[in-house]
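Here's the letter readout for the chains.
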Amino acid sequence: MSTNSSTTNILTVRNLYGRIEGQQVVEDVSFDVPDTGVTALLGRNGVGKTSTIKSILGLIDRSGEVTLGGRRVDRLPTHKVVQLGVGYVPEDREVFGKLTVAENLKLAERSAHPNRALVEELFPDLVQRQAQLAGTLSGGQQQMVSVARALLNQNRLLLVDEPTKGLSPKIVGEVAQALLAAAKTVPILLVEQNLQVIRQLADRVVVLSGGRVVFTGEATELLDDPERIQRYLGVHSGSERSSAGQTDATVRA
Amino acid sequence: MSTIVLLLITGLGLGALYFLVASGLSLIYGLMGVLNFAHGSFLTIGAFIGWEVARRLSDGSWWALAAAMLTGAVVGALVAAATEFFLIRRLYNRHIEQVLVTVGLALASVALFEGIWGTDPTYVTSPSWLGQTTEILGARIPNNRFMLIVVAVLVLAAIVLFLKFTRYGLIIRAGVENRLMVTALGIDVRRAFTLVFAIGGAAAGLGGVLASIYYGYVSAHIGGSLLIFAFIVTVIGGLGSLAGAAIASVLVAVLQQFANFYLGGTGDLAVVLALAAVLLLRPRGLLGAKA
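Chains A and B are the protein sequences, given in the same order. Residues in the first sequence are numbered consecutively from 1, following full-length UniProt numbering. Residues in the second sequence are numbered consecutively from 1, following full-length UniProt numbering.
Note that these hints are calculated values from the structure, not bench results. Among the hints, erroneous ones may be present.
To be verified - One-sided excerpt, in silico: chain B residues whose CB lies under 8 Å from chain A:
| no. | residue |
| --- | --- |
| 1 | Glu114 |
| 2 | Thr122 |
| 3 | Gly169 |
| 4 | Leu170 |
| 5 | Ile171 |
| 6 | Arg173 |
| 7 | Asn178 |
| 8 | Ala184 |
| 9 | Leu185 |
| 10 | Ile187 |
| 11 | Asp188 |
Said to hold, decoys possible - In silico BS3-like cross-links for lysine-lysine, where the CA-CA straight-line distance does not exceed 30 Å:
| no. | chain 1 | residue 1 | chain 2 | residue 2 |
| --- | --- | --- | --- | --- |
| 12 | A | Lys98 | A | Lys165 |
| 13 | A | Lys98 | A | Lys170 |
| 14 | B | Lys164 | A | Lys184 |
| 15 | A | Lys80 | B | Lys164 |
| 16 | A | Lys170 | A | Lys80 |
| 17 | A | Lys106 | A | Lys170 |
| 18 | A | Lys106 | A | Lys165 |
| 19 | A | Lys80 | A | Lys98 |
| 20 | A | Lys170 | B | Lys164 |
Backbone N, C-alpha and C fix where the C-beta goes; we use that ideal spot for every residue, glycine too.
With these hints in hand, go ahead and build the complete structure from the sequences.
See the structure below:
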């Protein structure tokens, strides 16, 4: 379970269990996230990746041990975990549709000196749309708002849940570039279904199956092994389509 | 014509009262999903304490009335904030328990008020101008209706400005949409919960003092009777919508006045039928969010 010995871990998860309305959705999950680069959390559809992220943040009932930078956070409420330096980009964006773009970003600012310059550089389109209600933005623009909210603050870790889901190829590229830029300064735990994006971003992978971790290692160990991809993710890495009907580069999360 | 003007303006005055109660109910439900059946108690305690202060200062003077209104708002805010902090906070997402606790608090508080101030109405004295009338288009309008309307408009404007231009206002507006995501941005949304209870309690406490002017008395049941209509207003306006509450307050009160006058005192029935119609045709209310 340990990662590269030359790095330390910003996040350690041990024996994590998560429940939604009494139903077990995360079961005895343990893994580490090093303090640099991108760690991808992968697995087939419904395996508990999003629930694992939510368990780490305390957005669902959880038990187990979660340590951020050496400090136990599994008993802290969500807002305190985030205040310790965790940025969160949720699945389905979850922007506040009745607030303007500027208000969405303002709400996310946790310090007196937010990193607005970075956000404006990565997402110039948002600057033009500051006064627009976020609910009227396209899916790609909403995702930019969602990512921008996380990048505004000096974080120690980003939890990014399916940032390219439902986006056009052009926007997927822009979001991936933004995350690549962010990864230079902050470690990222990424849930992603697009193998091309995973190949582009991820240094390491953690694979879940049946709510448990079944593989941890360098991203290339998995991505260069078609048999493992088929076994763990249910897709072929070649040109044929998976049994679920996705293209070769897509894993349903 | 004069009758219509009279009914319209008195309806607006009654609507102002409904709004002062419904605004808090709507904000509380919108942000926290709590149906607060104890909200009428904030109104009643505000009315009683407000008028205790006025009586001791200078009964019937304007400045005593101002002191009563201020006291009513402060007491309402404090009692509401304490209710949230000590009772409701432990019960978020436990809706059955919330209903039981707030209904229990409402019943217990009525008994407490009756124990302190008695079961008979306590008649209040207000500045003489408020007991007079002003003629508009042939209709003689009780002056206190004008004060109710002006105060309700000021309260609406204050709440709107607060929601629009303050950090906590932003948090509350975002929390009404998605409070889990607000916490995921590192914001302690529980403070906003307490603040919203306090704002709602202040409006209700202020409404209690104004209700005692409207009715001419304070009683232990004044909050409960207004609460029923405030709930109807909140549902018709759309749970969580302040603008919806304001519009529905006026519509419900005006409908009630007209039905009482033209349909033989059937105002309450007309309001309930309007509620049923809204629930059947537009369950989310006039301005409520889509499910």
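How the hints compare with the structure:
no.	hint	verdict
1	Glu114	violated, 41 Å
2	Thr122	violated, 43 Å
3	Gly169	violated, 10 Å
4	Leu170	holds, 6 Å
5	Ile171	holds, 7 Å
6	Arg173	holds, 6 Å
7	Asn178	holds, 6 Å
8	Ala184	holds, 5 Å
9	Leu185	holds, 5 Å
10	Ile187	holds, 6 Å
11	Asp188	holds, 5 Å
12	Lys98/A with Lys165/A	holds, 22 Å
13	Lys98/A with Lys170/A	holds, 26 Å
14	Lys164/B with Lys184/A	violated, 37 Å
15	Lys80/A with Lys164/B	holds, 26 Å
16	Lys170/A with Lys80/A	violated, 36 Å
17	Lys106/A with Lys170/A	holds, 27 Å
18	Lys106/A with Lys165/A	holds, 25 Å
19	Lys80/A with Lys98/A	holds, 26 Å
20	Lys170/A with Lys164/B	violated, 35 Å
Hints 1, 2, 3, 14, 16 and 20, counting from the list given before, are not met by this structure.
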